[in-house]
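Engineer: With chain A held as given, fit chains B and C onto it using these hints.
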Amino acid sequence: MKSLTEHLWFEVPARCGFVNITNTVEELVRRSGVQEGICLVNAMHITASVFINDNEGGLHHDYEVWLEKLAPHEPLKNYQHNRTGEDNADAHLKRQIMGREVVVAITKRKLDFGPWEQIFYGEFDGRRRKRVLVKIIGE
Amino acid sequence: MKSLTEHLWFEVPARCGFVNITNTVEELVRRSGVQEGICLVNAMHITASVFINDNEGGLHHDYEVWLEKLAPHEPLKNYQHNRTGEDNADAHLKRQIMGREVVVAITKRKLDFGPWEQIFYGEFDGRRRKRVLVKIIGE
Amino acid sequence: MKSLTEHLWFEVPARCGFVNITNTVEELVRRSGVQEGICLVNAMHITASVFINDNEGGLHHDYEVWLEKLAPHEPLKNYQHNRTGEDNADAHLKRQIMGREVVVAITKRKLDFGPWEQIFYGEFDGRRRKRVLVKIIGE
Chain A
0 MKSLTEHLWF EVPARCGFVN ITNTVEELVR RSGVQEGICL VNAMHITASV FINDNEGGLH
60 HDYEVWLEKL APHEPLKNYQ HNRTGEDNAD AHLKRQIMGR EVVVAITKRK LDFGPWEQIF
120 YGEFDGRRRK RVLVKIIGE
Chain B
0 MKSLTEHLWF EVPARCGFVN ITNTVEELVR RSGVQEGICL VNAMHITASV FINDNEGGLH
60 HDYEVWLEKL APHEPLKNYQ HNRTGEDNAD AHLKRQIMGR EVVVAITKRK LDFGPWEQIF
120 YGEFDGRRRK RVLVKIIGE
Chain C
0 MKSLTEHLWF EVPARCGFVN ITNTVEELVR RSGVQEGICL VNAMHITASV FINDNEGGLH
60 HDYEVWLEKL APHEPLKNYQ HNRTGEDNAD AHLKRQIMGR EVVVAITKRK LDFGPWEQIF
120 YGEFDGRRRK RVLVKIIGE
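Residue numbers (numbering that gives the first Met the number 0), protein chains in the order written: chain A, 0 to 138; chain B, 0 to 138; chain C, 0 to 138.
Next comes chain A alone, as it looks inside the complex (with noise of 0.2 Å):
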């Protein structure tokens, strides 16, 4: 069996924001040689997201007022958690929905994919570093 484990680093500027991987991921499918096996990638933060939809603009807008009106961010104080001194309860309840992982086959050497399947860190707590893990497993 290989394997093959990577950290990927994220700054969102904003609080909100979704960042294609796709490219990222699929080179380290190429790098680990793995044929046939799957591939894991999941927000190693808890309010931050991986998930799998398209790559169209106005679609993410849509993610961020739906997600919004779903779990809103203020009033900060209608949420305990951020009585411990934290502002981003909202963002433990985004991430929920959107999810904290994919896992994606690979087919013979390539993620095997739909035709509009594209791979997306979701941020919902952003200015400040965080990570993204990809885990490649397979022969």
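No false leads were slipped in.
Computed far set for chain B versus chain A, every beta-carbon distance over 12 Å:
no.	residue
1	Cys15
2	Gly16
3	Asn19
4	Arg29
5	Gln34
6	His59
7	Glu63
8	Leu110
9	Gly113
Stretch-level coverage of chain C by chain A, calculated; a stretch enters the list once three of its residues show a Cβ under 8 Å from a Cβ in chain A:
no.	stretch
10	30 to 38
11	46 to 54
12	60 to 72
13	96 to 104
Here are the computed distance ranges between Cβ atoms for each label pair:
no.	chain 1	residue 1	chain 2	residue 2	range
14	C	Lys107	B	Lys1	18 to 28 Å
15	B	Asn54	C	Arg130	15 to 25 Å
16	A	Arg30	C	Arg30	24 to 34 Å
17	C	Gly32	A	Gly32	22 to 32 Å
18	A	Gly32	C	Arg130	35 to 45 Å
19	C	Lys109	A	Thr23	22 to 32 Å
20	B	Glu67	C	Gln34	41 to 51 Å
Hints are computed from structural coordinates only; laboratory data are not their basis. Here a beta-carbon is modelled for each residue, glycine too, at the ideal position from N, C-alpha and C.
Structural biologist: Here is chains B and C on its own, set in the frame of chain A:
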């Protein structure tokens, strides 16, 4: 390490619908010859889901009503994504709630399931042919 | 390839509750002898979740309040699923938000975690015995 890759095709006749794919996936596990491993099942389209829950029609109705409330299809103009000429922004949102994929353990040549676990394809923008990927790895 | 399969049992005394299972999963990783691989942890019941987030009581309270708002337990008759004699339709919905499973990388014999990542069993229809599956594969 053994592996098996298979694409399943669906054309759901309505915009939304759920299809039980448990038996198909179980048959693929048998065919793979894997005794101990994992089985990844994911939608290859970004307006559809694969999820595990109950094979009960009333619950599926409840999911449809609930998702429509959380991410309504109309008014179409409420979503920037629909300015691209699409009318399926809501489907991209619904799919994030229900999830892209499931990873199921294979133990002693079978899906290692609790008593009520069943795998479903969840369609939120149907009336066209779409795919699901099944990837099995193990020994 | 090495593998380990283990079932964890829970009986949460209330309808909803969260149980930190990180140490138990870490001990299973040690016992598996896997150096590089992945660890799948999933609820075997369809009204419960396994998720990764913060070990902070205020946040867990916020999750309960938020999930109750998104998918209220009552009125029971608002859900067709409850016509089967069940009263747990809301639990099937809540579990989709929080997720069925997590997949965690194993690197150098340990769960490859960010600083605050902890694994939780999330119960939405408790007061009875239910199971979680841990499946570890790798080398």
